[in-house]
Structures are given as C-alpha cells and as structure tokens.
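A.B. asks: Protein sequence lines, in the order shown, are assigned to chains A and B. Positions 1 to 692 (our numbering) are the ones given, in order, by the first sequence. Positions 693 to 980 (our numbering) are the ones given, in order, by the second sequence.
Derived from the structure by calculation, the hints contain no laboratory data. Nothing here was measured: the structure is a model prediction, and the numbers come from that model. By construction, the Cβ of each residue, glycine as well, lies at the ideal position given by its N, Cα and C atoms. Any given hint could turn out to be false.
What the hints assert, rightly or not - Partial list, computed: chain B residues near chain A (C-beta under 8 Å):
{"no.": "1", "residue": "Asp-871"}
{"no.": "2", "residue": "Met-873"}
{"no.": "3", "residue": "Glu-902"}
{"no.": "4", "residue": "Glu-917"}
{"no.": "5", "residue": "Ala-922"}
{"no.": "6", "residue": "Arg-933"}
Here is how the chains run, residue by residue.
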Amino acid sequence: MNPVQFFSQPWLNGATWAALLTLPVAIVLLYFLKLKRQPLEVPSTFLWTQAIEDLRVNTIWQRLRQNLLLFLQLLLVALAILACLQPGWRGSQLVGDRFIFVLDASASMQATDVSPTRLESAKQTALGYIDEMKSGDVAMVISFSETARVEREFTDNRSRLRTAIKNIRQTNRPTDLSEALRAAVGLAAPGRSAFEAGDVQVAQAKPATMYIFSDGGFPQVDSFTGLLEFAENQDGAFREQPPLRGLRPVFIAVGDVVTPDNVAVAAFTTEQSPVDEEQTQAFAQFENHGMAEVVVDAELTRDGAFLDAARVRVPAKREGVASNLASVTFSLGSMNEGVLKIDIKAADSLSIDDVAYAALNPARRSKILVVTAFQEGAPANPALVIAMKTSAIERLAIIDYADTAILQDPQHQQLAAAGAYDLIIYDQVQPTEMPQANTLFFGRAPLAGGWSLTPVTDDRAPVIIDADQLHPLTRLLNLNNVVILNSAIVVAPQGATELITGNIGSLFAISPRQGFEDAVLGFGMLATDDQGGSWNTQWWRDRSFPVFIYNVVRYLGGSLGTLSTPSYQPGTPVLIRTEGTIETVRVVKPDRTSTDLNRDGQATFVFDDANQQGVYQVYEKGQSRPLQQFSVNLFDAMESDLLVRDLNINDTTVKATAGLVPIRRDLWKWLVLLALGLLAFEWYVYNRRVYI
Amino acid sequence: MSPHLLAQLERLELVTRKMFRGQMKGERRSRRKGQSVEFADFRNYVPGDDLRFIDWNLYARLEKLFLKIFVEEEDLHFYALFDASGSMEFGDPTKLYYAKQLAASLGFVGLCRADRVKVEALGASRRFPGLALRGRHSLPRLLEYLDKVEANQNVSLEQGVKDFCLRNTGKGILVLITDLMDKAGYESALRMLVAQQMDVFVIHLLSPEEMDPDVTGDLRLVDCEDQDTAEVTISRPLLERYRRTLASFIQQAREFCTRRGMVYVATTTEKPVEDLVSNYLRERGLVR
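One chain only, chain A, in its complex shape (with noise of 0.2 Å):
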C-alpha cells in the first residue's frame, strides 16, 4: 500500500496552486475597488469626520478590520479550496462486514510486560477496532481460557460490544483455543449441530473475520474439523491465510517482542520423608523462561507466619543447558497441619505463578474392612492377616475382618453403599452389589463392570511375566520367584491398566469406576478345589508380598497422599468425596467466601468454582475442622513461558497481523460542511447587520 498523500489532486502543480491563491486576493481587491457605499445625506458630516478622523491613519487595515463580511468571505473561499485539493489522512479499517473479536482472557494474560497488563492492552487494541467498525458491520465478542465464553452475540450495537469487551474478566485458567474457535464456528454458521468432518452444512455459513487477540501461550489446535474446507471466494487474502470454515483467522499478538523475564513455582508438594516417616518435608520446583539466569529467594510461609527461606539459582532456558528447572526441599519436621504457601519473591512480568500453595492435612487413618472365609471365629487365610499386621500399615489404617456371610447382610450393604470404607478387600468371594469404595479382589472378579475371570484350559502353569514397576500398587515388588498353582485370566474392562502380565495372559488389573478403583488378582491365596486349607501360591511367604500389602493400604486405602493435598489447575471442576452420611458440605475459597454443595449422585461432590489460586477447605456442615483441603495452583509451563508464539491451526501457522487495513479518509465534506455553515452565518450577518 502506497503512502497516503495529504492531497490527493494530481492536477495540483504550481500554476494551479497560484490559480487558487489568487482567488482570496481578487476579493480583497475587489472588495476594495467594488464597494459600493450607500449615499445618505445627513444634516453634517461634521461630526463624522471628526469621528473617523483618528481612523484615517491605517485606513485599509482599519477597514479590513471592521468588515466582518470580507472576512467571513475570505473564509468561506479558503474553506473551498482546501476542499477542492480533497485533504486526506492516512486511516485505517476492518475488511469485511462480520468480525469475531476472541479475547484471551487467560492466567499468562496477566502479564505485566505491556502496560497494564496483556489483556488490558488487549481489550484497548479491540476497542479500537470496534471503534472502526462501519455502520452495518456486525460483530461477536469471546472471551477464552480453556472454555469459551461469549460475551456477546453478533450484534451491530457498537456500545454494547464495547461493554462486553471491558467486561471480559481476567481469569487465572490455562489455555485451550479450539473451545473458543468452536464457539466462534458455532456461531458464525449457525445450523451446524456437530464438528465431525463428514457433517453435512446445513446453512450457508457467511464469511466472517475472525480477530484473535491472544498471547500464543497455548498448546497448537489440532485436528480441530470445524475449520476444514472453505469459501469459494479463494481471494489473495483468503489464501494468505486458512480460511475457517467461512472464518477468516487474524491473529493480534498481544505482549513484548522481547520475551519477558518470568521465573515461575513449577511445582510444590508436601510429603513424608522416605527416611523418616515422622518427618515431613516440602519439595519445590522452580522453572526459568527467561533468557537470563534468575536468583530467587524463595520464601516458605505456614499460616501466614514465616517458615524458612531458601536462594535457588534457576538457569536461564539456553542452549547447553540441561534445564532450566531448580528444585528446593524444605523439612519440615514433624509438621502435618497447616497451609503452605511459598512465594519467590521475584520481580518478573507475570506475579500469579510466584505463588504456590499446598495444605498439610491432618493425618487420617483410612478405613479398610477385609471380607475373608472364617474358620472357627477367625479368617481362615493367615497370610493376609500376617501381612495386614505390620506396624507400618496399623499407622496407615484401622482393619476390620468380616466372614464372607456379611455379604449378606443388609446392614453390611448399607454401610458399603453409604461409602462407610475406604477400602473393601475380597479376599475370593465377590458382593451382588459393588461398593462405594476402592476394592481388592482374590480369585474373583466383581460382577458389573465388564470384569470376568478366564479359567485356562490348557494345563500350563502360570507364570510371573513382568509387573509394572511405576504403579503406584506394584511398585518395587520382585515377583521373580513367585509361584503359582492355578490362576485365571483377568479380563479387565475396557481403560483398565494391566499391572501384572502372566504367560496366560494377565494376571492383575486396575480399573476406575465411578472414581473409585477396582484392582482384580486373577488368583488366590488359598486353592479352591477339594484340598481345602492349602496354598495356592506362596507368595505369601516371599517379601514381596507385605510390600504389595502396604502398597494396597496406602494407594487403595486412600493414604497415600493423606498429609499432602491434591492440586488443581484453575478452572478445573474438583470432585470432592465424602463419607456417603454427609449430605451437604461447605467449600471455603482462598478469600473466606464459601459455596455450600451438596450431594451430587453418590459420594462426590463436585466444586466448579476453583478461580482463585490458594488453599480451599472443604467443611462438614457444622464442623470447625475441615474434612478436607484441596490446592489451586496453576503450575503451567505454557502460561508460564511469556514468549509471544505464533498460532498453530491445523498445522497452519497464523502469523501475527496488524489487523488493520490502511485506508485514505478524507477531509473534503467535512471543509464543505463548515463552508456550507459559514455561508449561513454570513447571510445572517448581512441581513441582521450584526457588527463586531
């Protein structure tokens, strides 16, 4: 695009600048030699000449002076010309007539590197564009984190599309754009119901410009099939950039050209020390995106009250280097209440993520009941008995023994489906009904659930293949030398994890349900035929076995992870379990406002509203101390990292645009407007003979 002139008029060289110059002295000289004067006799001049004597001295200037009309004249010749060279400037506007402004509206657009901050600057530049908009030119308002809002429908209403952007509201949420890109689809080509590439159109979508005012600080969209195949018009701009299904992508990067400094907490959790249990301790993670390496102090705070502190170099994101993370761990002592919040106290653009927060739960002790065939008033398999009595587990949890004839027991069922335990271990025999708890099951599968147990009909014995080392429940166990006589194949529902492959096939599984976990052994303690009494393996008496027991008690009886709290992300829906006889709790945020929830379904409650990054406890109805406590900390490495990224679509990278496409506006109605008003006022002049 050319550089707009100032005056447009090609015809304008200097003869005919001269031409127009001299229109204002013709009149002035005609005004002079043409002024025709009224004669009017009267009884003297005497008195007039006197009075105009002392005006005689500058007459032509004294005359100029005294003659509104010739000035008003002038004016109004002055106001012609400037016209006729038709002034302009050089402006700008929207293209097209239907536009989506989508607002980032996420935790990195807090950002302190544009002032005042990314979406402040963010919701100006959009202002700015409405402010652009045509009479006619419609245009929606979305505002997005990692769920879409929109914040006002296609309207032509330039007022209230201005409040829907100052309304947007700064969010501590991370960050997914294929939400707002299928709003704005959604909304663009109504009558479309579904996204999936082989939907029919079913209303001719219009063109529209979609404006992305965003910071990048999100992960590529892909596969997104709402943006497949396009407009006809395939104009040079259309190809320039991936239409989207009618919608044309602009996308306005919002933030500094320089990466900003922002050193962020990557992570922070508390937890018992591997040496002694007693002792707690509070790990921290720190991660530099800056491009120069940050000292951090980073501060531990329990309550409010200061704790220990700590200086932590944390490199710089640099080629040669590893990594730019830096990790501290606090000890704590014997600490296991409280909240915990660290801060580092760095002077970076982007303050939410200095911040961290865990809670110290009091210790609970999970309730664990162990279904097993009794034998003269005692469970009948010692080797679970054995291994339940270690003093690690008696620490962890409270163990109740029940025959297997409490399966039918109404007040049993009750009690399971009220949620009563923590854990319910079958040891081979399986309830009608399953409950609401995590479950162990010897030998047997549960009934609902896609479980099933394959007997092998070959007579191969089974063997111990490999077990997976990460899980929490079979970490660390050495199963090499475990023997076993007879096992079926597990056959586990479908998203279920295999911990223990067999030569048959698979020997141990896990499954959620319901968030529960349902793990399945595919064989048992004790044989099941006619030799009543006797080993079926004898894993019981290898070490492994208390190893697998304790990992069962912490990771299934719900200890593990009992003195540290759960984190979530901001924004994220927080289920919340109970013991099924609570009917409503209390949710109190960071701020000591309180949501009271009740129960959703079973034994969960589900808490939506975590925005604010801190430690939200979560009361029984009634009670002063709180059941549980949960953290909201963003821990984002994409919102995190201020570097202002491109937009990646379907593997169609949008580049940052100005938006704005120059244009000449011109002055010229304008000068012959006010010529036209000044014509006017010089009538009146002339007939109400106003003197000045």
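Mind docking chain B on chain A? Use the hints.
C.D. replies: Just chain B, lined up with the frame of chain A:
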C-alpha cells in the same frame, strides 16, 4: 401653537439678569427714573423741571420745592434668533419646526408682557427681515412670519450673527436656537454676541438621529449643506466613537458658553416645547 400652550405661556414672563434701557414705556422697572406710579425718591427742584412732579404737600409743610421721582417702567428687547440652515431640515419633527415653535413660544411670552419682541432667522434678514413686534395682538403676525421662513438659508453661523449684530444694536435678551453644526466653528459667532453685551441664551438643538444615528452598512454620507462627503463603514466601534465625539462637542460648547456668561441649553427635538419652556428654561432663568 395650541391654546393650551398659549395659556401656559401667558403666565410666564421673560427675565433678564441685566437691566437694559428700553425705548418705550413698558412693564419693566428701569434704572431710569421717570413716570410711573411707583415712587422712588425726592430731589431738590432745579429750574426747568416738570412742575407736574413737584410735591406740593411737601412745599406746604417745608416751603421748599421738592420733586417727586418715580421709577420708570420700561419695555424689554427680546430677540429670538434661529438657525434656518439646511441642516435644520432634519429630524421628525424637523429641527427647524421645533426652533420656530420655540421662538414663537418665547416671543409670545414677550408679547404678553409688552416687551419688544424680534424674531428672526439667521441670514434671512435680506429677504425676510425680522419683525419687531409689541403687544399680544401681534402674535398672528409673528406666526405668519415664522411660517414663511424655510430651511436652506445657507449662511454660516458667523455671517448670520454678524449680520444680525450690525442691524440690531439694542441691548436685551437674545435666544440663539441652533444646532451649532458649522464647519467653521461656532466660537467667533458666539463671541460676537458676547460683545453686544446682550443676555445670551444658546439653545443647542439636536435631533435624536444625530444623538444616536440609526445607520448600517457601507455608506457615503453627504452633507446637505455643502455636499461634502464622508465614507464610512458603520461598525460598533465607529458608532461609539461618533457618540464620544458628539458628547465632547456638546461639552466643549457648554464650557465655551458658561465661561463667557452665556446660558447654554442642549436639547433634542424629542423634548416637547412646553416642557422645555415651562420647566427647563424656567430653571435656567430665561422665563419666570
């Protein structure tokens, strides 16, 4: 002249601050002692005195001849001199009409009191010499004369006054009704009147149009007397300057007159003649 005005005027009389010698017996006391009913003094008889004035009662008592002296009552010479130049033809009513009315009114006052009244237009002496009148029966003649006078007796103020002074040597009251708009200046004319030792009243007559001109636009002003022109573009500042000029003109004339013992009265044709005579001039001591 309305009967009402005449009735009003009958009650007035002309006053002079000086005592002048009259030619005929009138209704005014004179410095001269003479024949009247008002006793003034006695003096010794010297041969030749009129025997009619000897106080015989005194002679009977004192056997000496004394002569009774009476205060002589005289008439007053009243001159009304009005400007009849072209410039007096302006205004509604015209300044000339107003001047005639004023002259007639004052003249009538004089006639009623048996004064010698002479009303004359400036510079009109050759064609219409002013009439010297006496007695209220002369009013019609006075009015007839005034009727005949027309504007455009274009003679300068100085020339007119000089002419008048040459022909009228008598002392008395002189009322000069004029707009003083003379490019040659009014000063010499007034000085001439002062030299006549007359009791001079200058009535400066202006029309409202002159006081506050209602003109607009680009004008070529033409003087109706000498056809002199002045090109003006009317604007607010110019009008203000005009008013200032006029005010200072009036002020100068007043000062000039006061300094020389003349009474100066500025008036416009808006002010009714009755008011002017019965209130304004009475205050100034012209009439009583």
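A.B. asks: Should the hint that Ala-922/B touches chain A count as held when the rule is a Cβ pair under 8 Å?
C.D. replies: Since the shortest Cβ distance to chain A is 4 Å, the answer is holds.
A.B. asks: Against chain A, is Met-873/B within 8 Å by beta-carbon distance?
C.D. replies: holds (4 Å)
A.B. asks: Are Glu-917/B and chain A close enough, Cβ to Cβ, to be under 8 Å, as the hint says?
C.D. replies: At about 7 Å, which falls below the 8 Å cut-off, the nearest Cβ of chain A leaves the hint on Glu-917/B intact, so it holds.
A.B. asks: Go through the hint on Arg-933/B and say holds or violated, using the shortest Cβ distance to chain A against 8 Å.
C.D. replies: Interface hint status for Arg-933/B: holds (5 Å vs cutoff 8 Å).
A.B. asks: Is the shortest C-beta separation between Glu-902/B and chain A less than 8 Å?
C.D. replies: Since chain A brings a Cβ to about 6 Å from Glu-902/B, closer than 8 Å, the hint holds.
A.B. asks: Does the closest beta carbon of chain A sit nearer than 8 Å to the beta carbon of Asp-871/B?
C.D. replies: holds (7 Å)
Comparing the model with each numbered hint stated earlier shows that all of them hold.
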